[in-house]
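Asker: Protein chains in written order, with this note's numbering: chain X, 1 to 155; chain A, 1001 to 1314.
Hint data in this document are derived by calculation from the structure and do not stem from the laboratory. A quick note: this is a predicted structure, and the numbers were derived from the prediction, not measured. Keep in mind that a hint or two might mislead.
Derived Cβ-Cβ restraints for the label pairs, each shown as a range [to be verified]: (1) Glu78/X / Glu1276/A: 33 to 39 Å; (2) Thr1275/A / Thr32/X: 55 to 61 Å; (3) Gly102/X / Glu1089/A: 23 to 29 Å; (4) Thr9/X / Arg1175/A: 35 to 41 Å.
Lysine-lysine pairs mimicking DSBU-like chemistry, simulated, CA-CA at most 30 Å apart [to be verified]: (5) Lys1308/A / Lys1214/A; (6) Lys1308/A / Lys1279/A; (7) Lys1010/A / Lys1058/A; (8) Lys1304/A / Lys124/X; (9) Lys3/X / Lys1010/A; (10) Lys1055/A / Lys1082/A; (11) Lys124/X / Lys1082/A; (12) Lys1055/A / Lys39/X; (13) Lys1194/A / Lys1279/A; (14) Lys143/X / Lys1082/A; (15) Lys1088/A / Lys124/X; (16) Lys1047/A / Lys3/X; (17) Lys119/X / Lys1194/A; (18) Lys124/X / Lys1308/A; (19) Lys119/X / Lys1058/A; (20) Lys39/X / Lys1010/A; (21) Lys39/X / Lys1047/A; (22) Lys1055/A / Lys3/X; (23) Lys119/X / Lys1082/A; (24) Lys1194/A / Lys3/X; (25) Lys1055/A / Lys1010/A; (26) Lys1279/A / Lys119/X; (27) Lys1088/A / Lys1058/A; (28) Lys1135/A / Lys142/X.
For each residue, glycine too, the CB sits at the ideal point set by N, CA and C.
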Amino acid sequence: MEKIHVTFTVNGDLIETDVLPSQTLLDTLRTTLELTGTKEGCGLGACGTCTVLLNGEPTRSCIVLAAEADGADVVTIEGLAHGEEVHPLQESFMANGAVQCGFCSPGMILTAKALLHRKENPSKEEIITSMSSNLCRCTGYKKIIEAVESVRDNG
Amino acid sequence: MILPRFTYLKAANIEEALDLYREYGEDACYLSGGTDLVPRVKLRLAKQRAVIDLKGIKALESVEEEDERLNIGALAKIFQLKENPVVKEYFPAFRASLESTSCESLQLRGTIGGNLLQNTRCLFYNQSEFWRTSKGLCLKMGGDKCNAIPGATVCLANYSSDNAPALVTLGASVRVVGPLGPREFPLTDLYSGKSGRPFVLNAGEILTHIFIPKQKSLGGYEKLRIRGAIDYPLLGVALSSFNGKSRFGFGAVGPKPYLFEVDSLEQGRIQELATEARKSARPAPNTVMDPVYRRDMIPILVQKLITKVAEEAR
Chain X
1 MEKIHVTFTV NGDLIETDVL PSQTLLDTLR TTLELTGTKE GCGLGACGTC TVLLNGEPTR
61 SCIVLAAEAD GADVVTIEGL AHGEEVHPLQ ESFMANGAVQ CGFCSPGMIL TAKALLHRKE
121 NPSKEEIITS MSSNLCRCTG YKKIIEAVES VRDNG
Chain A
1001 MILPRFTYLK AANIEEALDL YREYGEDACY LSGGTDLVPR VKLRLAKQRA VIDLKGIKAL
1061 ESVEEEDERL NIGALAKIFQ LKENPVVKEY FPAFRASLES TSCESLQLRG TIGGNLLQNT
1121 RCLFYNQSEF WRTSKGLCLK MGGDKCNAIP GATVCLANYS SDNAPALVTL GASVRVVGPL
1181 GPREFPLTDL YSGKSGRPFV LNAGEILTHI FIPKQKSLGG YEKLRIRGAI DYPLLGVALS
1241 SFNGKSRFGF GAVGPKPYLF EVDSLEQGRI QELATEARKS ARPAPNTVMD PVYRRDMIPI
1301 LVQKLITKVA EEAR
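Chain X extracted, bound-state conformation:
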């Protein structure tokens, strides 16, 4: 099967690589680029665990072909922290106890980041609607919502 040459940025770095047409963006991030912060949940686009930002929009990377990401700007959870300094959302998730097993956290945090970028001051209801895109099997939604509200209020 002929490979396709793709170019995209991941967390600000320009990536040029050859991908199989049947390779998902998730496969490429985790296996080729070894960015294992993005987790695979259901693998069918339902749960939101594998969410990354694709051109700023929260996107389930398990149902996006790597070839479709050609020319795109991709941000994964690894792109949020600067060295030891974590992103305010990551800080808030820790401070509010919004992390239980942690498997959904990368997707949750990126969904929240996209919302706060799109809307400066979302209501609690808007936060709940947006965060409903992602499932948490530890049922920790209350603290997750509080963590996002805290960043909305305090930056």
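Following the hints, complete the assembly by docking chain A onto the known chain X.
Answerer: Frame of chain X; chain A shown alone:
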């Protein structure tokens, strides 16, 4: 979950997409947002040699307000349409069905064309190949039995678009372009009424536009679901009321959206409608919810919408 091997092709315009289709024939399928197709390919429900990505056809992303209608490109995203001022002002049923579709992240990715052309679903069909073959191939997979209803000779997989029931109440029509040229027809004619092959599109045809007549309406959409987000509908009811007449659309209870028109929202007439809808709807034991309950919820969601419209009309 690993995807099977296929060739990925990207079309820059409709002609190119049709040329690519001619080259690969029925071994090819079209890709837009991928939120329905890619999971189907992963589960080996769709097996094709080539995937033709339509997202390069930028002209099909636009939504234009014309004198008499709203002209929606099939690649317009669900989320983008939800925010459209004409949709908000004229088509409350459609606005509500867009809002009910899955969740925000998938609304940002999924297109209206893809939503309308999503395949029918069944608890015994949307499973891995291993699971399905262990159970024995069903009618929709080319087998000779139904795994949902023992003894059934017809497939009753559900057409689960939230937006189709709303769009049929608004009198929407569609434009498709294929190897034999373009054609336009009412959205209600897109459906074969058969769950196995739910659409009457000819080989290679691409859904390019959806048109909604610009007529102000009152209305809404009610969706029966287990969770408040992500879920497909277990029953969807749309209502659009215009001067003196009201249309109801029912979804997720059979192979197509069902449309009913009434000239009054008086209790007697509504009872008749609910009885008629209950008879036409074909909920089967093929979702996570009991079919009797789904059928019984028809008059309840109808009443809920009537109350909503009556309050708005006041």
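Asker: When the structure is checked against the list of hints, which entries are broken? Sort them ascending.
Answerer: 1, 3, 17, 24, 26, 28
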